[in-house]
Amino acid sequence: MWGSNAREAHPIFFHHLLKGVRRGAKLYVVDPRRTTSAQWADTWLGIDVGSDIALANAIAREIIHAGLANREFIGRATAGFASYAASVEPYTLAEAERVTRVPAEVIKKLAHDYALAGRAQICWTLGITEHHTATDNVLALCNLALLTGHVGRYGSGLVPLRGQNNVQGGGDMGAIPNKLPGFQDVESDESARARFEKSWGVKIPSPAGWHLSQMFDAMETGAISSLYVIGENPARSEADSERTVRLLEGLDHLVVQDIFLTRTAELATVVLPASVGALEAEGTATSSERRVQRVRKALEPPAGARDDLEIISALAKRLGHDWGNPTAEMLWDELRSLSPMHGGMSYRRLEELGGIQWPCYDENDPGQQFLHGRLWEEPRSGPPASFFPVEFEAPLDELDEQFPIRLTTGRRLDSFNTGVQTGRYRSPLRRPETLELSPEDFERLGLGEGEIVRVCSRRGSVEAPVAPEATLRPGLAFMTLHFPDEVDTNVLTLDTWDTKSGTAEFKATAIRVERLVDNGGNGAGRASANDRAHANDVERVG
Amino acid sequence: MTAAGSTWPRRQVELSLDGETVRVNEGATILEACAAAGIDIPTLCYLETLAPVNVCRVCVVEVVGARTLVPACSRKVEPAMEVLTDSERVRTSRRMVLELLGSSVDLSYAAPEVTEWIDRYGADPSRHGPPMRPSLAGERDSARAGHHHPSDGTTAATVAQPVKRDNAQYVRDYSRCILCYKCVEACGAEAQNTFAIAVAGRGFEARISTEFDVGLPDSACVYCGNCVAVCPTGALMFTAEHDLRASGEWDESRQHVTRTVCPYCGVGCNLEVRVQDNRVVRVTSPLDHDVTSGNLCVKGRFGLDFVSATGEDEPGGIGANRAE
Amino acid sequence: MDLRVTTERATDEERAAVDAVLGAATTGWAGGARSEIDRHVAYGGRAAREAHRDLLLPVLHSLQEKVGWISKAALGYLCARLDIAPAEAFGVASAYELLSLEPMSQVVVHVCDDIACIARTGSDPCGAVRAAHGPPGEEQGGLSWKPSPCLGHCEHGSAALVQRSGEGGGRATVAPFDGAALERVATSVAPVPELGTSAPAPAPASRAAEMALPVALVPQASSDRSSLRLLRRVGVVDPTSIDAYRAAGGYEALRRALSLGPEGVLSELKAANLLGRGGAAFPTAAKWSAVAHNPVRPHFFVANADESEPGTFKDRVLLETDPFALVEAVTIAGVVTGAERGFVYLRGEYPLAEERLEGAIAQARAHGLLGDDVMSSGHVFELEIRRGAGAYIAGEETALFNSIEGLRPEPRNKPPFPVDRGLFGKPTGINNVETLLCVLEVLSIGGAEFASIGTASSSGTRLFCVSGCVSSPGLYEVPLGTTLRELLDLAGGVRGGRELRSVLLGGAAGSFVLPEQLDIELSFEAVRSAGTTLGSGVVMVMDDTVDIAQILQRIAQFFRDESCGQCVPCRVGTVRQEELLERLSSRRPLGSVQAERALLADLGTVMRDSSICGLGQTASSAIESAVAKGLLASLEEVS
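Residue numbers (this note's numbering), protein chains in the order written: chain H, 1 to 542; chain B, 543 to 866; chain R, 867 to 1505.
What the hints contain is simulated information worked out from the structure, not anything from laboratory work. All figures in this text were calculated on a predicted structure; none of them were measured in a lab. Among the clues, some could well be false.
Using 30 Å as the maximum straight-line C-alpha spacing, the simulated DSS-like pairs for lysine-lysine come out as follows [said to hold, decoys possible]:
(1) B:Lys-706 - R:Lys-938
(2) H:Lys-317 - H:Lys-297
(3) R:Lys-1280 - H:Lys-19
(4) H:Lys-19 - R:Lys-932
(5) H:Lys-317 - H:Lys-198
Chain H stretches covered by chain R per the calculated footprint, using a threshold of three residues with CB under 8 Å from any CB of chain R [stated by the list, open to error]:
(6) 106-119
(7) 192-201
(8) 299-305
(9) 486-498
Think of the CB as a built atom: it goes at the ideal place given N, C-alpha and C, for glycine as much as any other residue.
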């Protein structure tokens, strides 16, 4: 488990993982924090934030040097091994220890256990992807699976855990810049495009669209002047939120369709109240394991709130396209006619089978429990799986004397994202947003538990209560994004994004902690608690 | 998440159930054999998603030749086994188990089948005398192993005690606890692996407890509610349901249950949302759903309030009042 | 695992008590100081957790002895050390009477008020101490007392266990016990220092010198020793000296076992037709053979010395006076069953026996008779003591396994049986002390010779714990098949020539025998056909001064107190049985006496038929036998 705190972020998945542990599976957890997930591990590797590729490449090098690479699988099913092997050569165990700070022998043991396991999985979440090297991080893990053959077989594989109930479905439905529904390429797959054009009766532009981060850049340049936001709260969820809000405010026209008047909706020209997808509407959702399941209406939405489908259809009608009153099932059946991998998933079958994992090409197809099984076919069918050599790059927001502490972010068990939904139930576990520091830093800075401090990054600052947290080591701090109305953590984060995926580097921010001290009755002064040598400067600034 | 390729052909075992010869898979329990043969066996501590703990003993059956009765829920079938599920010995034990529970525990929120069994086996809890005065708050929790003060026997000791209410989401009404261990199993190794509760004490003073009986907010509890979901007697109950029942507003005729997918993370947990008057009153997950096996986390279990949120619950006072 | 433990910090004393068993904490992740390496690596996991879970009970003992109770903070620290959830550890600790989860006085005196003491010394064994010191639990000058179930000194008719915590803490037993002199007794006793799991010091010489010949315990020892087999060495061989034991023929049985090899020993046991003395009379050869031939590894062997059946004291006498015999016998069992690790599960109420046994194990290890090359045979066998903490139920073999494993001492449903899934889920042999000592006898005289002792179906001798109203109470050894009358004659008959009312055979879980049944043969087959049991060998004699109703009430209280609470028939049934007897005793039946009689029978039926283990299954047997034999006056006079 790498860069994932599934114990809190995916609790029911973690139940399954613990069943495996109970049956004797070994668990390694790679995470800068010794999270509640890591506390279950046989071995926790507490790497420095952002050093994942150095670790992965060193594991690969060790596997290769120990003669544990799956040569037969590599030969039959992969391409590019030689250049990959050459690329990991500089990543010795000693080098990895220097970069990650995890002792070499621990890395070596992980390498050997992973390579020698009968079946092995690598599970990850945002600890891998919320970096400026997000895609490279993922590729580094994929390379390990190819190196050992731990892919394409029951019980082995690469498991990205989806953070939201239908984020997989969103991608499946083409809500990514370069794909039509069913991952059909909008640029290169002309026949697919033609089928959609025929069905929809419109011309589909072939160039790929923009991802979220590009859209904000486009707002910056004025290339985007209008925006239609459905069920997203970028004013809270994007990195460097001050910039985000400024850009949203600068739009000519902003339409927000949501179940609440979110921070983003507050900035909107028009707000379209929507029903809750999971509880007030019919449809489907696709989970992490590619399982399409039915979502059903349990409640009547409040007066005035309407189903997304109804809103969009009404909007289309105003724009001159009368779609009638399509039901969710009609829409789904249209999708099945256009997306081959969904072809066999009628509502009836979804009901009967309790969901189906794509691809499911026809009504006799049970769906697929795991992907890439073709790599094990003899002879292999389809193209080989390629190794992609990747190089370690340190996080962009560098630590220095001014900003000596690494802030990383994550979720807590009882909360979800920006708290739009979870902020509204009475969680007995709830506690206010807090800057967590290692007990050592907490003590060194002379802080009191619950004391309000100023947390500063190169982009901005927020005030938050502070608490010691034993799962953190000196130099590492933690906050969540759950309570942006109290503490807008994303004021601090860096919006530099991975050029391939568009994900910002939420996980690695350089901060300093400043004490708000009572300045002899003359109002609140500020003193740097990090480095008392700077206290005068800071106070002068204040 | 079904194990592919795990369906090896199983050897069959032949045995006799109430004189009828039946064949079932090797490794099946007597309970499973009875279910396949359409024989109804009462159970209280058994749940298909948990390993059998065979403590309630209401499922006992007679295996011809065995010295004692055996629990159907956990005893595996053996070739040529002769099982009697309704012999006089069986009926006596079931009657007495129900009498012993009925005379010591409030079974009024237990499943309707329990009342039916009490009738079927002729159990008469009143034979053991009128109930003793309820315990005071904390009294049973401080009982120590060993000597107790014997009563004069004219009243029957019970587990009656005040309801424990220490968090917003569920209450613990241990007057209804039959000590079936399901909550402990669901909190522990069988599902949640949090181990916030365990059986403490001994004998009649055995009880479900946190360490030193600390309140749930001071315990390891993560409010997944998986204990509540498996409780067969209403000893653990969601606060919303408990309060509606207490005020007499709980009305199953005005309720409907809808199965949907949890709106939070991407694991795909199915929810069974019970709604009364367009408000969510209970959230469970189907036992036969292979993602959850009936289990949920705190968000899926309790985190749906946002649907009916009113402005006053808003963090930061942003005015989105969906209820209006 | 992701523990949540209290933020209260354990005191240095508490941490030291835990560390005494576990060693000092080596990582900040498990209660120690945070080190540089902790910042980037932590080890844990299921395997590590399970590997030391069995140290929970020893750690709890250590806290109890050194601190006097187990506080929330101490529990938090030990949970962090052992990676156990606090609720689970609390659940375990709260199941034992000798562990306290609240502060208690520095000295606690547990005063026996059980049936053998009632039978021998009158109706209220705690009367004197109550009169002198006030009610139980009340602390005066760092001292309090509380009533206790049978302490296994029944031949004296009164006994107390002194539990002292803190500096110089330990336990000691006093028998006979003069309740009027509680303070003097409690302070004059030098408690046996607690023994950790580390290698114990050999028994101090002073203790050896103290060894009195326990003729009072074994009346036969001062008369005709020739009839003694299992008790042969009692009183004549120094229990603290392995040399003395070897000089008396000790370790010849092991030598013979090694030369016969496991199969040879099994055939001797088979020829001897040795049946287990624990109550179930299961053939020992079959049990050992099943373990020996089970392909699952590793195997374990356990000696059950958790003698707690009221009226039973034979294990205590054997372990206090002849501890090497058990060590030798368990070693043989280990060799034969292929177990490399063995345990003696010993009652927490027997400090002297523990000291002697610990000394015997240490000496055996020092002489190469335990360890990685037993008697230069290449066999590996390690033996350790696990101490109970005051729970009768832990004597049930599967509850005993759970107790060793650091779980609540709750019996497991059987099957699976221990030979398939026992201790730590592995094939395990388990026998009680007396059975194991019989193995020595089988090997020294040969299986055929052993089979010639006793009756055709019950071979060998049997130990009987004779207590109550007899002239010479104590431990007796007679060939199986001896009649009860002969045994009572050996013990000098009813004390003071009074009239015999009844004999309780087999203990609280046994049954009553009337004077006209004294010619019953004490053999497995004869007692079975008479509908009774030899049980643990209790022969408790009651004359016409003993209030049988009171004895029955005490038995009912005992089972209610000792029920683990797991299954409904026993958990509630023992309560209802007790309530019913209380009602009868105060002549306030619910409805008619006939209705009460029917209710008592129903309670007996459900407990016997449907309880998980032997405790519930036998919790009504003595009471039902008393009723059947007309010994309960309140039922007789009205109906």
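**Within 8 Å of chain R's CB atoms, at least three CB atoms from the region 192-201 of chain H: coverage verdict** = With 0 residues close enough to chain R, the hint is violated.
**Request:** Quickly compare the C-alpha distance for Lys-706 of chain B and Lys-938 of chain R to 30 Å and report which way the hint goes.
**Result:** Holds, because 21 Å separates the two Cα atoms, which is no more than 30 Å.
**Request:** For the pair we were handed, Lys-19 of chain H and Lys-932 of chain R, check the Cα-Cα distance against 30 Å.
**Result:** Measuring from Cα to Cα gives roughly 39 Å; hence the hint is violated.
**Prompt:** Are 3 or more residues of the region 299-305 of chain H near chain R, judged by a Cβ distance of less than 8 Å?
**Reply:** violated (count 0)
**Prompt:** Is Lys-317 of chain H close enough to Lys-297 of chain H, meaning Cα to Cα at most 30 Å?
**Reply:** Status holds; Cα separation ~25 Å.
**Message:** Just to be careful, I want the Cα atoms of Lys-317 of chain H and Lys-198 of chain H compared with a cutoff of 30 Å; is the pair within it?
**Reply:** OK: Lys-317 of chain H and Lys-198 of chain H at ~20 Å, within 30 Å.
**8 Å C-beta test of the region 486-498 of chain H against chain R, three or more residues** = violated (count 0)
**Request:** Closer than 8 Å, Cβ to Cβ, for at least three residues: run that test on the region 106-119 of chain H against chain R and report holds or violated.
**Result:** The restraint on the region 106-119 of chain H is violated, since only 1 of its residues have a Cβ under 8 Å from chain R and three are required.
**Request:** Mind checking the alpha carbons of Lys-1280 of chain R and Lys-19 of chain H for me, to see if they're no more than 30 Å apart?
**Result:** holds (25 Å)
When the structure is compared with the earlier hints, violations turn up for hints 4, 6, 7, 8, 9 and for no others.
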